[in-house]
Every structure is written in structure tokens, then in C-alpha cells.
Amino acid sequence: MIRLRDAAVLALTKLRTRKVRTTVTVVTASLLFSSLVLASLVAGGVVDSAKRFTAGSLSERAIVNLQLFPGMSEIYNNPDIQVRAQELQAKVVANKKAAAGRLGIAYDPATEPKPVEGDAGNTYLNTESLAARQAMAEYTARQPTAQDTAKQLATPYQPKAFYSFGASNIDGRLKQMKNGKEDFTEKLDVGMSYGPIQDVTNGWYYLDSSITKPFLVEQKYLDAQTDKTALPIIAPYSKVESALGLAKLSKTATPQQRLDRISDVRARAATVRLAVCYRNSVSQAQVDDAIRAAKEIEQNKDNKEYQKPSLIYGLPDSGACSPAPVKTDTRTASEKTLASKQDQFGREFGQTVDPAQQKVTFRVVGLAPDGFGADGFSSIDALVSMVAGSSLQGMWVVPQDMFDALPNKADYERFLPVKTVDPLSGNGMPPTGQLIEFASAADAKRFVTEQSCSDFDCASKPHITYFGSNSVLIQDIMDSATQALGVAALVIAAIAALILMGMVGRVIGDSRRETAMFRAIGAKRNDIRAIYATYTFFLSLLVALAALAIGVAVALWLDTQFSGEATVRAQLTFVGADGGQQFHLFGLWWQALLAIVGLVLFAGFVSMLLPLSRNLARSPVKDMRDET
Amino acid sequence: MVVQSSISEREVEAFLGLFDGNVEAATKALQAHAAANRPFKNPPQPTGPVLVRLADVKKTYKVGRQIIGALDGVSLEIHEGEFVALTGASGSGKSTLLQLIGGLDKPTSGLVEVDGHDLKKMRDGKLSQFRNRTIGFVFQFFYLQPFLKVGTNLEVPGMFARTRRRERQQQVETLAKAVGLSDRIQHLPRELSGGQIQRAAVARALLNKPKLLLADEPTGNLDSMNGVAIIDLFETIRREFGTTIIVVTHDPAIAARADREIRLKDGVLV
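Protein chains in written order, with numbering that gives the first Met the number 0: chain A, 0 to 627; chain B, 0 to 269.
There are no misleading hints in this set.
In silico DSSO-like cross-links for lysine-lysine, where the CA-CA straight-line distance does not exceed 27 Å:
1) A:LYS621 with B:LYS120
2) B:LYS57 with A:LYS621
3) A:LYS212 with A:LYS150
4) A:LYS340 with A:LYS307
Covered, in the sense of this in silico footprint (three residues per stretch, anywhere, with C-beta under 8 Å from a C-beta of chain A), are these stretches of chain B:
5) 99-111
6) 114-128
7) 156-164
8) 196-210
Worth flagging that the hints you see were computed from the coordinates, not collected in a lab.
Note that CB positions come from ideal geometry on N, CA and C, so glycine has one too.
Bound-form chain B, shown alone (with noise of 0.2 Å):
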């Protein structure tokens, strides 16, 4: 089946209806939609319980003498589950929306509550702890230590939340196995390909079993194969571990995959 790109969003909702509710069947149509590097709308929020709520957010930032707007009023609410995809041009402040969100930075007013957690109340140390437990980062250019195995690089974030060695290794051996890396944590990064490395950088990010994943450009250093390998990743971390992932990305093909795309053009949603 192919979507047409004229579509409005109404049949375009109609369109999906004929899965009914079928989100596996939608994606591989979106997918293939996708492919295809046809525009499309996402289709229906889940109704599942709010663990992202953004309202009339704003941030600034002065540069010198001036100040410069990334957000000005941005509202959302993202539900437990969900798979977002955040894209808009350069500058458009995607990645200033996602830094709100994984607590990096703090709106210069507005709301931004996850999990419950009103972000700009919370102070510097039990931020991080919030970041630690709560959400995982997956970052465009992984951020593995060099002359740490892999395995051990992928502990690192248990070692921040205290967990027990025995027990953080556990969880790597388990990981390593979902994201098909067994066989090389004993490795060093350099011996991994940018795909595997990037694995490795989303199972580090799983590792304390986060409820939010927020990536930034997650495949902006891979090529399309591993790139989209590692969408799928995504998907399956969603279905196996209901992990709520939000993904900053150019890639019309990976928002093409997310259950939504938000769009941001100036620091407000289009």
C-alpha cells in the first residue's frame, strides 16, 4: 500500500484507521512510505498516561549584549510509549527542546514536567540523579570512552546511580544481548564499527532502565543501513521495554518511522 502524498491529514487518519489500531502494520506502511521519501502525517497520539508536558515553555540565551530566542512558548505533552520525533531546520530549537526535557538546561519560564518532576524546581544534584534513573541519552557522537571496554563503557552510567558491579554487569550482559553486541564487550570502541559503537551508545543509555530516551541525531554520523538499524533498535526497545523515546533528527525517514513528528520551525511548533 502507498500513501499519497496529497493526502490531507484527515484521510490520512482515515488511511490509518484501516489498521485498525494494528501500530505494527501502520509502521511497516510508514516505513515504506518513508522510503518512498514521501511527506506524511503521524498518526494518532497513544492514550497512554503523560510523561512528557511542556507548556508555554520559553528559553533565551544571551549572546553579548543580545539575546537570542530557541523556544518562545512551546506546549506538548508526550504519553509513556511514545516514539516523537523532533525535526525542524537548524536552529529551529530541537535539540534546546530536547536539553529541556532531559533536565541538560532549564527554561527561562514556562513548565517542563516529566515523570511528574517540574525540571525547574529541582536542584543541581537531584537533577542529575532525576537524569541518572529517569532518562537515557543517546548522543550523534556516542561518547564512548577510548580506552574503556565496551562493556565497561556501557556500566558507566550504573556506576553514577551506585549500582552493585555484579549487578551492572548483569544488565550489560542482558543489553549487549538485545542490541547484538555479546560478542564485543570486551572490546575496545575503536574496535567496533560506527554502527556497533552506536549500539553500544543506546545500550549504555538503557542501562538504568530509563522511562524517557532522548537521542540527538542518533544516525548523524551513520550511514542509511546503520542508521536505520538503528530506528529499528529503537522500536524494539519500545516494545520490549515500553521506553518513551524522543529522537531529534534531520532524517525525514526516520520521522516517517516515529508514532509523531513535532515540528519546530523559529522555537515554535509547526
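In isolation and in its complexed conformation, chain A is listed as follows (with noise of 0.2 Å):
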């Protein structure tokens, strides 16, 4: 066959007729497959600059985090455990009434709850029993913990570590002491509900250390912190930017104000403390009963006829957080005694607690991300947010082993996380979790994916979710990526062939006389193969080469566009990550830039085939003759 740089020599021959017609196709062949140069290299620059924003910390991790969340209709309509609850009432009744003659004080069993309401065939346990709770308590003590549940789904898997991941216990409530105060004139949200955190008056996380390191503040910073006794926090973003008393930003802000300000965050993150208030229900209580009488002592001024309450609490020292103080006490001495006497009973059967009080004060020792719409929301955001959107985004952090190393450790002892599912905690705290890393973003993936509830059956089985890292999230886009870019790539190349044919196919048209002079002069049908396979090749590569001027061209033109604002959302996503890091919509993806370079040799090789078949079929005799 002939030689490949002598067919070259010939095939150039062929490029350089029907110029107009040859750089219309170029031009029109190129712009769709610049299309697919244009994604790949946006989608690199996307997992590019995530892997960078991220390197060294969570992007090369994949944890998951796996929860329990029991179905309460199982608990709550369980007949098991509404046998146990009459079972327990029987007994709580009877030593009610034992305990109310011992104590000489008044017991209607009538007054006390029933455990199990309903009709027949939907029964079900009222958790205002004493009874019913104490079996739901015994129930879900013997049930496996989050701990049990992921050692035993995961060890198939070959998981690298587990991490405890537990939200604080608030039996109680928590408020915010703005100023070092509290606000007694403020009204307490009573109503709770399930969902992201948003204040830290909702309660905190505890997580271990190598999850959170990413998202602390420079050590020089933390170094500076003084008071080691107050409770250290990672705080969401915008919250630590108000703590610091800056005003957000106008959205006009172009994006060096924007990333000025998140170094100014940055650098004076650790100087923020927040206080709240701990009360128990008992404290609190006696807080709004303090606010209660003073109010309806000022209606009543006036009024000769109004007796005050015989005990009435006054309000606490706003700034201490201490219990309210009783005012005054006019009750005889035979009301304290039955009082006294009402309260020992309680304690017997676990109804009288003491008022709880504590102040909790928190020093930020760390930035999570803001979670969804904490800022607006826009494409841009939806890009960032997509490669960092298993990140601590709006979480409140204590890490772990910060929280191990406070001196007055034993302070925080109510505030730990409990280990089992509490049905009827309903603080809007997710139960405690269990994160477990996996050596590989496959692995991650495959254990979530074979191991994870769905919808309808969270009940039975485990809710798993890609936590902390992003690297099953980049896997997954880079998967979709792929996909997505092999359809388009398919009908981009099938269009794009069709373009070519037409191209190749004029030329090849327009060159049978030439074929059959070669032909007579001794060309093989290799030789002509050779010639016009070398021609589409030139032909596709000029199609590759201007495909990529272009997909790069807009590329960056689009990088240039848009690079300032990712950069500020990526800062604002990974607020750990290097300051001076850039977010980029340009990458290069060789992988998939090869391979669109590929399909293009490919798309012109399919389309050479149907005229070369032709124009060799032909006789040279009647081409030569032929000479129209």
C-alpha cells in the first residue's frame, strides 16, 4: 500500500479544493462538537477546582453517616409493648395508692392517664403515661443502637473507621443571652419541628475530630483563645458574620468585597462567644410564672378585691442565668406541708424534678457553610453547592476532641448526646448517628445504595447519606458527566458525520476521474483508501482542532464571567479552604477531551465509508471517459 506520508501528500491535495464548502463544514461540524468540549471542560474545572477547594481534607474521604429512625407507628401501636404499659400502669396505680396513704395525701387512680387510648383495632400508647413511657423506654432500650446497626450492615464493605455523631440532648430549653442577657420580655418558641438547625438554641453536634479539622479556624487564632472553659463551636458562616456585627453584604457587591469579607470573618471568627441560657421545664417554669404574677399583680393594682398568690417567684438575675428566686411565700404552714408532701410524691414516681439552670458559653472555633438559601440562591449556587453539598452546611460542630479536653468537661454532662432513639424527644434533632468512612467513594457508594432505606421502608431499615466529604458526590457527577456527555456525544457525532458524508462525499464526487487516472497509473483500492481515509482524517482533525478553539475559547470567556462569584461560594462551602484558592469553570478533562477528539476521527471515518464504497465501485474507464 502506498506510504502514509504519500498519501498524506495527495490527501492535502483534497483539503485545499471546495475551500468555501470545506470551512462551512469545518465551522458547522466544529460548533456542534465544540459543544461537547465546552461541558467537559466546565465539568473539570468544576471537580477540579471542588478537589482543590477540598484537598487535604474531606474530598478524597468517603463517609457516610447512618440513622436510626424507628417507625413510631411501630412503637406507638405495638401490642407488646401496650400489654407491658397496662401491665406497668397496674403497678404504678397500685403503688400510688400505697405511697398516697403512707404519705396521708389525696390519690384518684380516675386522674391518672390512661396508657393505651383508642378504639378497638387502632389502639394506641398515650404518652402522657407515666406507664406507657416507661414501656416505650424498656423498648427501645433493647433495640440495637446506630453504633450496632452500622458495625454489623458495614463490616462487609471493608470500612476504614467509625465515628460517633451525636446531637446534644436538650431536655429543655435554651436561649440565647444576647448582650450577656436574657430577654424575659421575649416569647419562647414553644413549637419544634424536624429540620435543619438553625439557631444554636436548637442544639449542637459532636463530631470527631478528624471530620472537623477541615473547618477550623487558623491555629494561630485558636492559639489566642483564652477562656479554654467556655464550649468550643463550629458555627455556620453568616451566623459568626452577625455575632461579629457585620451587616450582610448588598448583593451588588462585586466579588473581591464579597471575598474580603470572608477573610475579615476568617481572621476574627475565634474572638466571637455566643452565651445561651439552659433552663429546664421546671426553671422555666418558674420563670413564666414569675413573668405571669408580675403581670397580673400590675392588672390587679387597682383592684382591692385581687389576692395574691400565696408563692410567687421573681424574675432572675437577667446576665446569671440563675433560678427565679422566690418573692414572697404566704402559704400556712399546713399548705407547706402537703406541698411538701405532694412533692416527695412526685419524686417517688419520677414526676418532680428540680429546677435545672446553666449558663453555656461557646467560643467559635470554626466556619461551616451556611446551609441552603442562607444567602440567596443561583446557578452559581446550585453548582457549588452540588460538588459541596454533603459538607457541614448550617451545622452547629462541637468537635469532639476539643470538647475531651475542657477542664470543666463534667459541665456539659447533660448536654451529651444520648445513645438511643427517644420517640418522644421531638427537639427537631436528628437521632444520633454513626459515620462510617470506606476506603474508596465505590465502596461508600455501594453500601449506601444496597444498605440505605428508601421512602417507604425507613421504618425497618437504615437512613444512610453521603456525609462530610464530597468525593461520592464528584464520583457521581463525573459519572453523570460521562453519561450524559456519551448521549450528547452520540448525537452530536451521528449529526456532525452526516455534515461530514455530505463534505467528504463532494470531494470524493469530485475527485472520481482523478481516482480512475490513479487507478490506470497503478493505484490499488487500498491505495485510494488510504488517500481518502488520510483526507478524513485531516478533515476531521481540522474539525477537532477548531472544536477545541472553540469549547476552550468560551470556556474561558465563561471562566472569566463567572470564576469571581464561584469563588465566593466555594469560599463561603468550604470556608476551611485555603483563602487564596480560586474556583474555576475550566479544567481539563483529558479523558473526555481524547475521547471527543476520538469520536470526531470517528465521526469522519463512518462518514468516509458510504462515498469511498461508491467511488471505488465505479468503473475508472467510464469516470475517464466521463468528462462533465
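Two independent chains are provided; combine them into the complex using the hints.
This is how it looks when you write it as C-alpha cells:
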């Protein structure tokens, strides 16, 4: 067969024929392919940037969060628990009767809430009943914990490590002490709902230090903190910004202004102190009584018939988070004795607890990205959130190692997470979870796919989500991008092949006399094939180069237009990242680019087959005679 | 000397005998005769080995449902070193005959043997190789690649023969000199005159040193002066390279300069 160099010499002459048509063909086909190039460059840029922003932190780690959500109907309608609750109720009533007799106080069993309510066939446990609650507690204590379940399910997937992931147990109320003081005029939000924690007054999480480390502010700022007894916390960026007294930047702020703001917040975050006052229900009730009594007395100050309550609480010191003091106690001795007996009765059956309150001061040690919708929502938000969707967004987190190092760790014991699920807690916090780290994103994905519940079976299976790492998401993005590009590539390649076929067909058609002449002077069919294959290769190469040039140019333009805004979003999302990092929408995804170039060449090759086979089937004798 | 048009074949042979086998002298006499546009009969065939042998060759084409006969039982022999003119009216079958000899087409029946090879039995690849090495083609419409320099155009048959580039270029230089185009090999075909282009085409046909040169109306697109020059060139080629030349032509003047004229009418030799 003809030498490649000679085939190239003859093929290049074809590119010089029909220049206008060749140009139009190259431009049209390259525009089609440039869309693929552009998509791959942007995908490459986003993924590269995401990797860079989380480099050395969580990006290459594959972590999932396993949580158990026992079905409420499974507990409330459980006939076994109901039977047990009835048994306990009988005991409670008997014990209360005995205790009331011993203490000399009245007790009417009819006032005792029924443990099981409802009609026959649809009975449920009454959570007002002490017996019902005890029966439920016995049941949940027997259930496997998230830790047990995680170890059992994850072992076949070769987990690397397990980390506890617990939410603080807030059996009462937390109220922020603005400027270090409680505001007793403020109404407490008593409604509780599930969902992301909006403020630290809803509680916080405890997380292993290997997970929280990337979110900490620089060590020099931590070293400068002197109050080592304050509870260390990683707080959402916008909350810290607000605590620093910084007004939100306007939407028209430039990317540089936003980056400067981020740098400022990072530098000063460790100086932020937040204080909350914890009060259990009894303590809070006393405060509420004090407020109510003061209001009642004020309203009746001119009412001579008005009788003040015999026991009046005063408001506590607003800066001390102390218990409400007794302001006046005009109860008689017998009233006090009765109250004392009733108190003792209540304590025996767990119905009376002492008031408890505690001032908790937080020191900010790190920054978590804000949750979705914290600062508007745009396509850039969507893009960045997509690659960072599983980080600590909107969370208030106490790093476990810092917590363990507290000299006054015991002071916070009441806020430690509970190990078992409390179906009654309902304070908006998810139940204690278990983080599992796998060796690869693929292992993590397999684990989630095979072991996590869907919407319909979450009562019987654990709920497993990706956590703290975007490696799985990045892999998913790459997989999705590959799939989408693959489908688009096939469509585009088919269209481009038709366009190229028009061009190649015309050139080959035009060259039929030349082909006939070549055949006459001794060219084999394979020589002719080699010449046109080389021509098509050159034409396709032109298309590929033009597509690369157009794609690169548009991607670079997009990058210059949106990189600044994306960088701001990324800096807000990856708050632990190097402040100088830029988020680019341009990145070389070599495999995709090579595949696109290969596809262009393949489309060219396919476009050549039909015209060439027709050409070779023609009689050179006839073609040489045809002078038209 | 003038050859009378009315003399018989026997008389012509006797007349040519006056030249005592001196072909050059005879050729000059024939040129003079052709210039006078007078009919003549060719000199006797040379006695060298047979290069081309056709025996009872028939060629038919199917056009729609019709079968059209192009050649009908043609038998002839052409010897090495001969210069033969194939003449006849349009549609007489002369180009078909040339293509059969050149291995571009195969006979419907009969034998076409060139340089000892039965072309009908050769497969496509071997036939291409045979054409490349044994036969040189010169076309009426030249078929030079317009975007290649003349020198590169001349190399093309060597490309298909996988001849090394350096060797090809040396051959091109020699041939360009032989056809008087030494100073034109770096030019593009559009920068050459019609006669120069056809000379280049002849040089291209000679690159692989073929034994047989087939020319289909080689002067059809040239003026008479350039036409004569091309025939002069053929003469030179035959003399210098011993190449057998078969020319298809309508031009009696060219036919007159051939050793032999083979006339075709309605697909048969006359």
C-alpha cells in the first residue's frame, strides 16, 4: 500500500479543493463538537476546583452517616408494648395508692392517664401516661443502637473507621443571651419541628476531630483564645458574621468585596463568644410564673379584692442564668407540709424534678458553610452546592477532641447525646447517627445503594446518606457528566458524521476522474482508501482542532465571567479552604477531551465509508470518459 | 520524395524498401507524406518479440436491456518497440481496445496478453501492480493534480510503486530533462502551457519505466504544433527507452508517423 507520507501529500490536495464548503463544514461540525468540549472543560473545572478546595480535608474521603428512624407506628401501635404498659400502669396505680396512704395525701386513680387509648383495632400508647413512657423506654433500650447497626452492616464493605455523630440532648430550653443577658420579655418559641438546626438554641452536634479539622480557623487564632472553659463550637458562617456585628453585604457587592469579607470573618471568628441560658422545664416554668405573676399583680394593682398568689417567684438575674428566686411565700404551715408531701410523692414516681439551669458560653473555633438558601440562590449556588452538598452545611458542631480537652467537661454532661433513640424527644434534632468511613467512594456508594432505606422502608432499615465528604458526589458528577456527555456525544457525532459525509462525499465525487487516473497508473483500491482515509483524518483533525479552540475560548470566557462569583460561593462553602484558592469553571478533563477528539475522527471515518465504497465501485474507464 | 496516394500496398512496401530498413529515413518520408495529408500504408511490422497479443477479443456492454458490442473478434499482435496508431471513427472501439490492453477493463471473451500475462486472469491487486510497473498511460485531459507541483505530479506513479522518494526525485529530474521541463518541476501545472502539461503527463507515464505506453488521444487538446511535438517526444522515447507505444488518435498525421496503423470500424479491424 502507498506510504503514509505519500498518502498525506495526495490527501492534502483534497483540502485545497472547495475551500468555502470545507470551511463551512469544518465550522458547522466543530461548533457541534465544541459544545461537548465546553461541557467537558466546565465539568473538569468544577470538579478540579472542588477537589482543590477540599484538598487534604474531606475530598478524598468517603464517609456516610447512618441513622435509625424507628417507625412511630411500630412503637405506638405495638401490642406488646401496650400490654407491657397496662402491666406497668397497674403497678403504678398500686404503688401510688400505697404511697398516698403512707404520706397521707389524696390520690384518685381515675386521674391517672390511661396508657393505651383508641378504639378496638386501632389502639395506641398515650405518651401522657408514665407507664406508657416507661414501656416505650424499655422497648427502645432493647433495640440495636446506630453504632451496633453500623458495625454489623458495614463490615462486609471493609470500613476504615467509625465515628460517633451525636446531637446534644436538650431536655429543656436554650435561649440566647444577647449581650450577655436573658430577655424575659421575649416569647419562647415552643413549637418544635424537624429540620436543619437554625440556631445554636436548637442544639449542636458532637463530631470526631478528623472530620471537623478542615473547618477550624487557623491555629494562631485558636491559640489566642484564653477562655478554655467555654464550649468550642464550629458555627455557620453567616451566624458568625452577624455575631461580629457585620451587616450582610448587598447583592451588588463585587466578588473581591465578598472575598475580603470572608477573610475578615475568618480572621476574627475566634473572637466571637455566644452565650445561651439553659433551663429545664421546671426552671422555665418558674420564670414563666414570675412573669405571669408580675403581670397579674400589675393588672390588679387597683383591685382591692384581688388576692396575690401565696407563692410568688421573682425574675432571676438576667446575666446569671440563675433560678427564679422566691419573692414571697405566704403559704400556711399546713399548705407547705402538703406541698412538701406532694413533692415527695412526685419524686417517688419520677414526676417531680428540681429546677435546673446553666449558662453555656461558646467560643467559635471554626466555620461551617451556611445551609441552602442562607444567602439567596443562584445557578452558581446550585453548581457549588452540588459539589459540596454533603459538607457540614448549616451545622453547629462541637469538635470531640476539643470537648474532651475541656477542664470543665463535666459541666456539659447533661448536653451529651443520648445513645438510643427517644421517640418522645421531638426537639428537631436527628437521632444519634454513626459515621462510617470507607476506603473508596465506590465502596461508600455500594454501601448506601445496598443498605439504605428508601422513603417507604425507613422504619425497618437505616437511613444512610453521604456525609462530610464530596468524593462520592464528585464521582457521581463525573459519572453523570460522562453519561450525559456520552449520550450527547452520540447524537452530535451522528449529526456531524452526516455533515462530514456531505463534504467528503462531494470531494470524493469530484475526484472520481482523478481516482480513475490513479487506478489507471497503478493505484490499488487500498491505495485509494488510504488517500481518502488520510484526507478524512485531516478534515476531522481540523474539525477537532476548531472544536477545541471554540470550546476552550468559550470556557475561558465563562471562567472570566463567573469564576469570581463561584470563588466567593466556594470560599463560603469550603470555609476551611485556603483563602487564596480560586474556583474555576475551566479544567482540562483529558479523558473526555481525548474521547471527543476520538469521536470526531470516528465520525469522519464513518462519513467516508459510503462515498468511498461508491467511488471504488465505479468503473475507472467510465469515469475517465466522462468529462463533465 | 513523395509517396503517391494511389499506389498499392505492395508498391508502398517496395517504396519503403528503398530506405534499406532505415526507419528514420522512412519516418521522415512518412512525415512528409502526412504533412501532405495523403493516405499511406504503414511500414512492415518489426520482428521483435510480441508484447501485446489479442486473440478473438470480444467486448460487449450492457446498457439497460440492450447489449452493445464494442469489439467483435479482434486479433492482433504488437511487438516490442513498435509504435502503433489505433484509428477509427468515434465508437469504433479503439478506446475500448486500448483499455483492454491497459488492463483497465476485461474482455467479454478472448485473450488479452501483455508481456506474457493473461490480463483476464489477473486479480485486481495484481492487475494494478502490473499496470503500475508495465504500462504507462497518457490521457487526452492530462489529469495532473492542480495543487501539486509538476515534480510531485511526476512522482505519483512512483508513490503507488512504493519507490523511495529520493529515487523518485532522481527519476523525475531525468525525465523532466528528457521532456524539456527541467526548469518547470517546481511550478504548478497552471503555470505551464498545454503542451508542457502534456509533456509532463508523458513524463509521469514513464516514471516506472514501463514497457508499454498507451496514449488515448494525447494531442486531442493541443494545437498542431504541440501535437507534433508530443509525437516527436514519443519517437524519442521509443528510441531512447525502447518503449512500445500505442496511440489512439483521430489524427491521420499522427497515424502516419506510427509504424503501423490499426484501423477499427464497428469493433472489427479493417
